[in-house]
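Asker: Take the given structure of chain Y and dock chains C and Z to it, following the hints.
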Amino acid sequence: MNVPLSNYLMLSAFLFAIGLCGALSRKNAIIVLMGIEIMFNAGILNLIAFWHYKLFVAPTAQMFAIFAISIAAAESAVGLALVIAVYRHYKSVDMDEMKSLQG
Amino acid sequence: MLSLITFTPLLGAVAVLCLPKTYERSIKVVSLLASVSSLLLALCVWSRFDPSAGLMFEERIPWITALNVDYRLGVDGLSVAMVLLTAIIMPLALLAHWKHDRNVKLFFLLFLLLQTGMFGVFTALNFFHWFIFWELGLIPMYFLIKIWGAEDRTYAAFKFFLYTLAGSVTMLLAFAFIYLATNSFDFIDLRQKAASGELTAAIGRLATSLHMNPTVFGSLLFWGAFLGFAIKVPIWPFHTWLPDAHTQAPTGGSMVLAAILLKMGVYGFLRIILPIFPDQVQAHVNILLLLALASIIFGAFAALAQTDFKRLVAYSSVNHMGYAMLGIFATVAAAPNVADVVNEKAAALNGAILQMFNHGISSAALFFLVGVIYERTHTRKLEDYGGLRIILPVYTGILGISMFSSLGLPGLNGFVGEFLIFKGSFPIVTLVTALATIGLVVTALFLLNMIQKVCFGPLNERWSGLRDMTGREIFIGAVLMLFMFWIGIYPAPFLNASNTAALHLVHLFQKVPETMMALGH
Amino acid sequence: MSELVRQQWLIPLFPLAAAAIQSLLKRPARKLSATICIGAMGISCVLTLRALFATFGFGRGGEHYEVERVIWNFTWFSFGNTSLSLGFILDPLTAGMAAMVAFVSFWIFVNATGYMSSDENFTRFFCFLSLFGASMLGLVVSNNLLLLFMCWELVGLCSYLLIGFWYFKPSAAAAMKKAFITTRVGDIGFFLGILLLYWQSGTLSLYTPEGTGALQQAGKLATLTGWWGLSMAGTIAFLLFIGAMGKSAQFPLHVWLPDAMEGPTPVSALIHAATMVAAGVFMVGRMYPLFTAQSHDWVMTFVMWIGCFTAVFSATIAVAQFDIKRVLAYSTCSQLGYMVMGLGAGSLVAGQFHLLTHAFFKALLFLGSGCVIIGTHHEQDMRKMGGLRKYMPITFWCYLIGTLALCGIPPFAGFFSKDEILLATYYRSPWAWGLGTFAAFLTAFYMTRQIFLVFFGPWRGGRPEAHPHSQLAEAHGELDVPHGEAHGGEVHLHAHAPHEIPWNMWLPLVVLSAFALFMGWLGTPWLGGNLFHHYLAPEEAVPQHSDFVLWLSIGVGLFGIVLGWLVYGRKPLQNALDDDPLALTTPVMFTVLNRKWYIDELYEVTIIHFTTAGATFFRLVDKLLVDGCLHAIAWIAWGLSQLFRWGGDELVINGGFDASCESVRLGGKVLAKLQSGRVQDYFRVLSLGFAILLLIYFFA
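Residue numbers (my numbering), protein chains in the order written: chain Y, 6 to 108; chain C, 657 to 1177; chain Z, 213 to 912.
What the hints contain is simulated information worked out from the structure, not anything from laboratory work. Be aware that one or more of the hints could be misleading.
Straight-line alpha carbon distances no greater than 30 Å define the calculated DSS-like cross-link-like pairs of lysine-lysine that follow [to be verified]:
#1 C/Lys802 x Z/Lys835
#2 Y/Lys96 x Z/Lys885
#3 C/Lys677 x C/Lys761
#4 C/Lys1037 x Z/Lys835
#5 Y/Lys104 x Z/Lys881
#6 Z/Lys881 x C/Lys1037
#7 Z/Lys238 x Z/Lys381
#8 Z/Lys885 x Y/Lys104
Next up, chain Y with everything else stripped away, as it sits in the complex:
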């Protein structure tokens, strides 16, 4: 089976775009968090695809991908914890209402 690299990249780009749309347009903080996770995964997919097509010799990409996945896990854990903390404070997870950083 000979799938060209561009397909992976296309997929990755679609995933990224979906994640971006989600992160930018949704009001629910958890969905925004999920959109960010999707963008992460799009990036990781890119790395693995490039490795697969031997664009890198060293196992760097794999290492990167593994780190990124673990970081993404940690990040989503922290993100969810923050959402819960915010929810406790505002009784809401609506992003538009979280503007206490306003100048």
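Answerer: Same frame as chain Y, but now just chains C and Z:
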């Protein structure tokens, strides 16, 4: 020795500073002691002064070597009488305020500071610390007028301070340029440089580097220094601070102001203007003579129009300083047709120096007497008095003698100085001197007017309860009268003291007397 | 001889010491005070007489003394390379004058003990009087123009003090000032003369043993050119003469002398008749070599005409005065004019002789008037006197002798001296001689008037004070009427009759009368030549005797007396309020004369007015112009400081700083809007930026 004289009052001031405010008696005693001890030292200097020795009691310590400034003191014939005068007048001024009771500590402190400043001016031979002393004489006086003055004291104090300061500033500028040109602040050094022409050359170089005409630049420096002294003397038309300051100052302040501070100006002419700016002063001598004449005549006429006792006496100072300036400027003027020109000029200059001392004595006496009567009546208007001789015979006697001393009556001090000035000036600047004699008549007129209004005529009943002078007041008057009679009858010691220095100055302006005389006769 | 001249300084010393002691004495010590002063003057008198006798042989080339004068100079102080000497002289001029001064002073002192006996300032009076005696004697014996000038000023001072002795009277206070200032104006001329002499001759000593004295150089000075068309000697002489005009009350500086009568009468007798006013004449005599050095100079003519005019002018005024002392004062002016005229006519002897004789008889007259004033309880208005011949016989006879001496009736003293002056003038200028003779007539007339008003007729005093103005006076403006001397503020009621005076007052009169009677014989040509001439100036040419001048002089004197008797003696005034007979015949003239030709008023509107205006002008110059400039500078400085404050500091510096701060703040406000606080907004911007970067990457 001279440092000791100069700083004894300062020590006294420190001692006064340490005393608590409420110990008024001890403050007075300490101040008087300090001032009397400098009098004793000054008498010591006077008695050991040798007129022919030139500069005496010299002290010279390197001070700020980077600026080539030495701490240098010394007296010669020009200054020794002034040191003595300062030393005499100050204890008397303090005594005049013996009954003073408003903020005694500060008052006496300021007087002692003032005394240090004045001694410093008359002994310093380096512009650097001379100028510090010069300004030191100004500041205590400002506070004396401002705090203890009469009704218009603020105006008078500001006028006095700003006016004098303005003059000091121009003088300081002039000296800054001279220092730039010569790298020296030393009066004696500068005098030698001026005599040898080195100073002119140095100023010329500086002027060229500043792209200015050397003559104009030299004149500017001269006028700058001149203004500083002319305001202090004061020469007409720079005199209007004087009546205000004198009238408003407390009695002792007026005494010191008239007797000594004015002399600082005249002394400046003798010590600085004449030796350091000989060419410039010679070039402008006609204007200067006219200003001196104006001081004599306008001062006398203005005094005639005064209705205020103290203001009248103040204007008489303008008039009398005019005579001294006439003598000094006559020394400078060229006199190609006079046979014995050195002696004529020496007479004028000796007369001017003696006139300084005389005026110090007589004006101090007059201001003191104004103070005595003001203390009793709280008025200075001449019309308010009248007939006081009936109840105050001693006061009238002392006032009469002081007045005649100021008027130049033979037998009293004023005459000798004025005679010598006129004697010396007449052959050199005949017309100006002849016109100046108008001043003699008007002086007599306003002084006699004054005593007539104060002491003669029917008694103003308001004052029928006045007391005559107390023992302390008579003592002050007696000391001053002693000098009036002494100089009037036997002036030789004073003239001997100043003669060598005067001749020295005369020779600056009369460099080739022998050849002149040989040509003339 | 030389030791005698070295003792000359003792002559003024004794009175000076007496004055010094007096100034410290308490008021009640009257006897002690009088004793000291009279004693000191007595000693001086003896010393001067000794000196006088010693000089009798001078200048005649006799066997014992071949000197003209002896002198002694000493150094006062030195200056430059030279020194100033003072000195004393003994020569006939000095000796005669000094003896006169000391002698007259002595007797006037004696008289003053009576005159001033009720005054509370008795000791002060004698202090001033002694000081005067000392200064006057010092003036006479000095061989130095400066010493002479110093004493000259000191006698002026004493005159000032004594005129104003009753200082509580405003008129006395004004008169003392007037006297000092008027003589001071003359003294300026004197002073300039001294300066010029010092400059030209290099010394102020009149004579020196080496012959370098100022007067010994007169010949040299006469060859130099001076000012105003005069030789140098003439210029100096002219300036010195101005001083003499002030002191000797010559027109136009005569105005102070009549006012000086405000002083006590012994003062008038001593200072303003006998000695001080004659000092001017003496000084001219002393400096005579300068006056005569250059015969082409107009100085001598000037001197003569000033004297001549003063003689006539003052005599006319004396005719119309009512105050007994003012008549004598104008008479003194007039007689001083005579002396000056004599000197100007070239006769030193005549001038000095008249000076000496006049001193005696005028002192006599003044003391007599003082006695009259005391006898009538301080009345000075002659209209309120009359008939005193009966009450005061001694005074009357002495006064009569003085009057006859003054009128120039032989054989009294005044005749000889006045005749000499007229004789000298006759040869010099007939016009001046004519005027002088006219003045002699006037003198006789006004003295006769005085005698008749005071001593003859009924006693018109003792009535209650009436309105002093007659109707005539009201019609012709205010007449000058005398006021009585105030005495220690006492008020005298003119109720009681006049009385004779005590011995200490009349004895001096008698002594002086003897001199007024006999002294003239010294100058008579009939006793083997003019003794005084031989004594004083043997080298001076004797004017040729003229019977015409002699008899005319006697004639006008007698005519004046007769006329006086016709007007005043035949029909004496009956009432103090009566008008003067002369005033009834020539009312306008009389008023003008009574007001002294309005000279005082003229000075009031000219000189005094100008001086006051000048004073006000200069005060305003100070106040407006000088202070105005000063204040203008101050205002400019203040204005500049305000300009810098508002225009510089406030506007540019503070304003600029504030504006930039404000703009930063505003900018912050605007930009702060960007920070919505919404995380998604930031994210959107981030994405947008990323997209833009991508576009740039691909298409640029």
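Asker: Which hints, by number, does the structure contradict?
Answerer: 6
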